[in-house]
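Residue strings, one per chain:
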Amino acid sequence: MTTASTTLAQADQALPVDGGTRRRPRRGRESDDTRRTNWWATALIAVCSLTVLVPLYLAVVVALKTPDQLVAGTGFEWPNPVRWENFAEAWERTSFPQALMNTAFITVGSVAFTLVTSSIVAYALARNIHRPFFKGVFFYLLAALFIPFPIIMLPLVKQTAILGLDNQVGMIVLYTIYGLSLNVFIYTAYIRSIPIELEEAARVDGASTWRVFWQVIFPLLTPMNATVGILTCVWAWNDFIMPLVVLTDPAARTLPLAQFVFQGQFNTDYTVAFASYLMAMAPLLIVYIFSQRWVISGVTRGSIK
Amino acid sequence: MSTLTQAVRTSTTGERRSRAPRTRSEHRRAMPAYYWMVWPAVIAFAAFHTLPVLVGIFFSFTNYAGYGAWNFVGVSNYLNLFRDDRVLQAYGFSFLFAIVATLLTNLISLAIAMGLNAKIVGRNLFRGVFFVPYVLAILVIGYVFQFFFSNSLPKILSGIPLFRDNILTNPDWAWTTIVVLAVWQSCAFAIIIYLSGLQTIPSELYEAASLDGAGAWRQFRSITFPLIGAFFTINVVLSLKNFLQVFDPIVALTNGGPGTSTESVTLLIFRGGFSGGEFAYQTANAVIFFIVITIVSLFQFRVLQRREADF
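Read top to bottom, the protein sequences are chains A and B.
All residue numbers for the first sequence refer to my numbering, where the first residue is 1 and numbers rise by one.
All residue numbers for the second sequence refer to my numbering, where the first residue is 1 and numbers rise by one.
Any given hint could turn out to be false.
[As the list claims (entries may be wrong)] Chain B regions said to be covered by chain A (calculated; three or more residues, Cβ under 8 Å):
hint, segment
1, 51-64
2, 92-100
3, 148-157
4, 290-299
Rather than coming from a laboratory, the hints here were simulated on the basis of the structure.
Every residue, glycine too, gets a C-beta built ideally from N, C-alpha and C.
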């Protein structure tokens, strides 16, 4: 659960309701930053950013080569001629459409269920944290953050098999439940900063607790929904160990799992394999490129005080 | 689930916070709707998280192989763990890897975050680039690294025997490639955390310091580092905890090899538990692993928190 590590939300430092005030001073500073442009730092950062870009470049050029071109060079040369058939072959051999559908289904399902369930639980906990039962539940969920996955792994596989949850639906259930601890933590801090007067106004008008949640609280949670949604999405899309141990049917394979299986079967067929890696990484990468600022600010919001 | 720190933070601050709203609770019991909101989640969580943990602890006292009959064997699994060279080696590797990777991740990402925080051209572009590894599956990009180490590097650095002979097959040095991959990916997140920490420092502090004649290193030691102490603590605790459980990068690069020289505890539990017929034995290993991780994290948190306060 790498995405979980993302957050160190500190419950005692509730976020401002608009979630953006913290960054406002920065934006101001940036515009009237009187410092001179630091060209040394620019150059250093540019060089360092190559470490990120070079592996991606390597992935692209290898995916466009013929096996002969690959054997002849170090892998970094630009391919001439370009071999697009690698993608078609990878599409077939890794059953890419199926893996993509599985991953998309699991990711969308996990994000949707996570947003609804985690926010409801967090709301009930945040508004009743002074009551022993709710406080107990809060710490029960938090304590789970200490427990590493390996201790759950072996018994879990038996359990999902017995319950018939060794499939995509089971994955959604597991991501939703295992994400609960962290998400409740992120949400509660935020919900506690929402003035209770907003709810009381609705209650005076006769709204039930559920109605108050759906019509008053949930819309106000949008910034945190974005944060939790991004974390869950990246986690469910890229996770490897959980699909590896839980999923049994080859038809249920997710994208990372399909790459793992493909690697095991054709481990020297690099050009086709790389085309398949690129296709597996592309969807999330493209989404990220177009929503970069939003993603970074969403993740930051969840992780700082 | 890696966020130990939060748990620690809340457990230390929870007491104080929980007192505030008490004044406005007129009802002794919460409204039923609140219970309906919480119970299903608690039951589901107990069934899919707590129950497997308890089942695991139960079987760790048996000789269950993952199938067939089993008997209670007391604590012999636990005793055998401490005599098993493969297990000890896995712990040794996991710790060596985790410590080196944690140090490198934090050094590199702090340096890059400071570079990004300076006035540079194209800051947002670079910030976006450095975050890219976060959205990539480490297993998949790991295969690209695997190709790089096994096929490209031997040709590029053919003058150096270590690289020419494929570093992934070298029992003494293969672990460094796993460090490279893991650090490459986890820097993405750490940089963002450090950057947001650095941005909370008012620039007036640096102006005042440079008027007083403080050099760059002095400014870093006396202003920057103390003020981002909390971010440093969080990043170190989280990275160490995540790195101790390393799995994906190993599968992508060496698969535990050559031999078992890069086998981490998680990989060992996975292999022994699923294909080695050591279900009970490896659950015992997992229980020990859980205790080790908890102790390490708590200890680390203590030490780092104290340091932070000392500045």
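Hint check:
no., hint, in the structure
1, 51-64, "holds (count 6)"
2, 92-100, "violated (count 0)"
3, 148-157, "holds (count 5)"
4, 290-299, "holds (count 4)"
In this structure, the one hint that does not hold is number 2.
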